[in-house]
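For the record, the sequence lines run as chains A and B. Just so you know, this note's numbering puts 182 at position 182 of the first sequence, and the rest follows in order with no gaps. Just so you know, this note's numbering puts 358 at position 43 of the second sequence, and the rest follows in order with no gaps.
You may find that some hints are simply not true.
As the list claims (entries may be wrong) - Covered stretches of chain A (chain B as the covering partner; in silico rule of three or more C-beta atoms under 8 Å from a C-beta of chain B): (1) 210-222; (2) 252-260.
Claimed, not checked - Beta-carbon label-pair distances, calculated as ranges: (3) A:Ser273 x B:Phe454: 56 to 62 Å; (4) A:Gly126 x B:Phe476: 38 to 44 Å; (5) B:Ser601 x A:Val124: 36 to 42 Å; (6) A:Ile63 x B:Phe615: 50 to 56 Å; (7) B:Thr633 x A:Met66: 42 to 48 Å; (8) A:Val77 x B:Ser478: 40 to 46 Å; (9) A:Pro48 x B:Val356: 50 to 56 Å; (10) B:Phe476 x A:Ala256: 39 to 45 Å; (11) B:Leu619 x A:Ala229: 32 to 38 Å; (12) A:Gln155 x B:Cys676: 53 to 59 Å.
No lab work stands behind these hints: they were computed from the structure. From a predicted model like this one, the values you see are computed outputs, not experimental measurements. Glycine included, C-beta positions come from ideal geometry on N, C-alpha and C.
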Amino acid sequence: MAAAGEAAAAPAAGQIEPRHGLRVFLIWLPLALVADLVIWFVWGPHLPPGGMSSSALSQQVDITVMAVMAAPVMLVVFVYSGYALIVWRHREGDDEDGPPIHNNTRISGAWIAGTTVIVLSLFVYGTVELILPAGAGAGEGNTPIWRPSGGTPLQVQVIGQQWRWTYRYPQFGGFETTDLVLPVGQNVQFNVTSLDVIHSFSAYQLGVKADANPGVNNVAYTHTLHTGAVMVRCFELCGLWHADMTTSGQVVSVGAFRAWTAATRVQLAALTSNLPPYALTYDANSIKQLGKAFTSVGLTGAGGGYYGPQYPVQP
Amino acid sequence: MAIEIQPEKAKQPGGQGPGGPRPARPWWMRPAVHTGIVGAVVGYLVGHWLGNFLAGGYTQVVNSGENNLAIVLGYALGTVGWLAGLGIFNDLFRQMAGKLPREITVDERSPGGVAKYFRYSLGHKIVGVQYLVGVLVYFLTGGLFAMAIRSELLSPSYHIFSSATYTELVGEHGTMMMMMMTSVIVGPMGNYLVPLMIGSKRMAFPRIEALSFWLTPAAYIVLLSGLLWGGFPFGWTGYAPLSIQATQGANAYAFAFGLMGLSLVLLGFNIIVTVISHRAPGMRWSRIPVFVWAMVSTSFLFVLAAPVLVGGMYMILTDRTVQTAFFTDDLGGSSYLYQNLFWFFGHPEVYIRRYPASGSCPSSSRCSAGSRCTATGWRRPG
Numbered sequence: 001m002a003a004a005g006e007a008a009a010a011p012a013a014g015q016i017e018p019r020h021g022l023r024v025f026l027i028w029l030p031l032a033l034v035a036d037l038v039i040w041f042v043w044g045p046h047l048p049p050g051g052m053s054s055s056a057l058s059q060q061v062d063i064t065v066m067a068v069m070a071a072p073v074m075l076v077v078f079v080y081s082g083y084a085l086i087v088w089r090h091r092e093g094d095d096e097d098g099p100p101i102h103n104n105t106r107i108s109g110a111w112i113a114g115t116t117v118i119v120l121s122l123f124v125y126g127t128v129e130l131i132l133p134a135g136a137g138a139g140e141g142n143t144p145i146w147r148p149s150g151g152t153p154l155q156v157q158v159i160g161q162q163w164r165w166t167y168r169y170p171q172f173g174g175f176e177t178t179d180l181v182l183p184v185g186q187n188v189q190f191n192v193t194s195l196d197v198i199h200s201f202s203a204y205q206l207g208v209k210a211d212a213n214p215g216v217n218n219v220a221y222t223h224t225l226h227t228g229a230v231m232v233r234c235f236e237l238c239g240l241w242h243a244d245m246t247t248s249g250q251v252v253s254v255g256a257f258r259a260w261t262a263a264t265r266v267q268l269a270a271l272t273s274n275l276p277p278y279a280l281t282y283d284a285n286s287i288k289q290l291g292k293a294f295t296s297v298g299l300t301g302a303g304g305g306y307y308g309p310q311y312p313v314q315p
Numbered sequence: 316m317a318i319e320i321q322p323e324k325a326k327q328p329g330g331q332g333p334g335g336p337r338p339a340r341p342w343w344m345r346p347a348v349h350t351g352i353v354g355a356v357v358g359y360l361v362g363h364w365l366g367n368f369l370a371g372g373y374t375q376v377v378n379s380g381e382n383n384l385a386i387v388l389g390y391a392l393g394t395v396g397w398l399a400g401l402g403i404f405n406d407l408f409r410q411m412a413g414k415l416p417r418e419i420t421v422d423e424r425s426p427g428g429v430a431k432y433f434r435y436s437l438g439h440k441i442v443g444v445q446y447l448v449g450v451l452v453y454f455l456t457g458g459l460f461a462m463a464i465r466s467e468l469l470s471p472s473y474h475i476f477s478s479a480t481y482t483e484l485v486g487e488h489g490t491m492m493m494m495m496m497t498s499v500i501v502g503p504m505g506n507y508l509v510p511l512m513i514g515s516k517r518m519a520f521p522r523i524e525a526l527s528f529w530l531t532p533a534a535y536i537v538l539l540s541g542l543l544w545g546g547f548p549f550g551w552t553g554y555a556p557l558s559i560q561a562t563q564g565a566n567a568y569a570f571a572f573g574l575m576g577l578s579l580v581l582l583g584f585n586i587i588v589t590v591i592s593h594r595a596p597g598m599r600w601s602r603i604p605v606f607v608w609a610m611v612s613t614s615f616l617f618v619l620a621a622p623v624l625v626g627g628m629y630m631i632l633t634d635r636t637v638q639t640a641f642f643t644d645d646l647g648g649s650s651y652l653y654q655n656l657f658w659f660f661g662h663p664e665v666y667i668r669r670y671p672a673s674g675s676c677p678s679s680s681r682c683s684a685g686s687r688c689t690a691t692g693w694r695r696p697g
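Please put together the full structure from these sequences, using the hints given.
So this is what it looks like as structure tokens:
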């Protein structure tokens, strides 16, 4: 870059061309160091999605690392552009030709090698950061390969339907609520599924995002670290009220969680006995009562009746 | 001479012999957009009737009385009627009847006039200009939808559109931009410039080139007609169970995307064959401009990715009309299948948009003329 201009520049009579490349580097270096230190120590701990869970924390660290890598690159562009604008500005009355620019294989090669190293190292870093935090909060499908260590996690089934999230806790009798309550300091396994169309379960502060496909059990893991409020949103366009599929949940202390499960189990006992038995996926066609209700008002999809009664073939 | 050398000329209107050039008929008697519209309307009505005849017992929504198969067949036969009205099948029928097909250069030489841009013209420059105007129209229409979205989003609490209308507008905007404008560079610039840059006077398949253009207004009208059915609620990606569940507007989405996919395959394949077989003598692969290389690479993307899209859209249409279950998990299909098929096209799609721009940059007159370095390797000899 600047070194090429420096190498090929013909010095004006009696004047030694300053070493532009070195100058740009000396301007860039302290700026890059300061930027990186500020990003890592000051800005990093406040970057989204925060540190409420292990997956959120690892995502925060990843974003900080990428910002630390990106800031010097950005500064190279800005410093070099600024330097060029100021130092090589066209002076009044200067009609001289610019220096003849030739291809410089070393510089081209160094550039390609340098950018390849950066990209490949990011690839390695990303892969490691996906595997180590037990899948990094992403949905791993039916048979997850990256699991957290330390016994059976708390099972929470997330059921998406148009246009509401509900949660079932199979280890506490399989009751289904619209509240997401989790204990702190616990491995949590989300089994995400859908009853009708594709949704995407996103618990932002927990750093968890997993697609909810009908007939599919998508497993995502996390480990809760702090108490706090969690916003749950739907991240896959699922119809008219997709933007309304928002609920809030909370991470509470272990004692509060135990009390909540005990109370809710009793409170919803009658409802739980009417629900279909807990399963990893639900066949909407088999929920006959719901199917009839929906078909009579002319809807297909959710709740059975994929093909209305007027279709010749019924599954 | 006593012996008659010239054969007797049969009398034709205009006094020419058989096979000679015929005088042009007035513009309103020649096949063009206006006859295409007539053909499209007739075709739609026939298709709609046929769909109702075949599947009159099905309705998409119990209370609406509309029939998906009728709509889809209406679109299909309407498109065939549009193409027939434009005269696209005329050469085919001429050859079947034993006559010679129309000469390619006639329209290119017709002096002045804009009528040739509204016809099934076979000159590559004409098709290039048609494409340019076409994609600009599609772009501006998509832009109007974008302005509607921005108007709705001016205030968080005051709503101009209902939720259903807003979702419909978002879908139409996205689909118009992503679908109709896939061929935004390769269509106009590829068709116009590639033959010029390789020293050819025509594309390899002028009729296919023109067909690929004339499918786009049909796709445009079909996509806009979705608004008449209340649009589609799934944005431009059309993910499966929702697109099967949606009401009639989804047929417009799937059919328009299928038509555009067909147009893209024809466009790309034409460019590849042209550059392979119609380079001027001495125009080696190492000498063709970078822009032409970009067009060829992008055309490979078209040819490899667009058919999968057409397949996915076809499966959506059959799932919606004739009770196949490609994308229904509990009936043996998979919702992941649609995502796979769609994004098999969707990722190349974004490279289709990027490559021509990359190829235009080093070739552009600003880049090469004003600076001291030309695109590497394409220097003048010596």
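Hint check results:
1. Given as covered by chain B, the region 210-222 of chain A passes the check, having 4 residues with a CB less than 8 Å from a CB of that chain where 3 are the minimum.
2. Counting residues of the region 252-260 of chain A whose beta carbon lies closer than 8 Å to any beta carbon of chain B gives 0, which falls short of the minimum of three for the stated coverage.
3. Judged by the Cβ atoms, the range 56 to 62 Å given for Ser273 of chain A and Phe454 of chain B holds: they are separated by roughly 58 Å.
4. The hint said 38 to 44 Å for the Cβ distance between Gly126 of chain A and Phe476 of chain B, and at roughly 40 Å that hint holds.
5. Taking the beta carbon of each, Ser601 of chain B and Val124 of chain A are about 37 Å apart, inside 36 to 42 Å as hinted.
6. Range check, Ile63 of chain A to Phe615 of chain B: Cβ separation about 36 Å, and the 50 to 56 Å hint is violated.
7. In this structure, Thr633 of chain B and Met66 of chain A meet the distance hint of 42 to 48 Å, their C-beta atoms being roughly 44 Å apart.
8. One distance hint, 40 to 46 Å for the beta-carbon pair Val77 of chain A and Ser478 of chain B, holds here, with the actual separation near 43 Å.
9. In this structure the supplied range 50 to 56 Å holds for Pro48 of chain A paired with Val356 of chain B, their Cβ-Cβ distance being about 54 Å.
10. Our hint of 39 to 45 Å for Phe476 of chain B and Ala256 of chain A holds, since their Cβ atoms are close to 43 Å apart.
11. Under the hint 32 to 38 Å, the C-beta atoms of Leu619 of chain B and Ala229 of chain A, about 48 Å apart, miss the expected range.
12. Between Gln155 of chain A and Cys676 of chain B the CB atoms are about 54 Å apart, so this pair conforms to the stated range of 53 to 59 Å.
Checked against the numbered hints listed earlier, the structure breaks hints 2, 6, 11; every other hint is satisfied.
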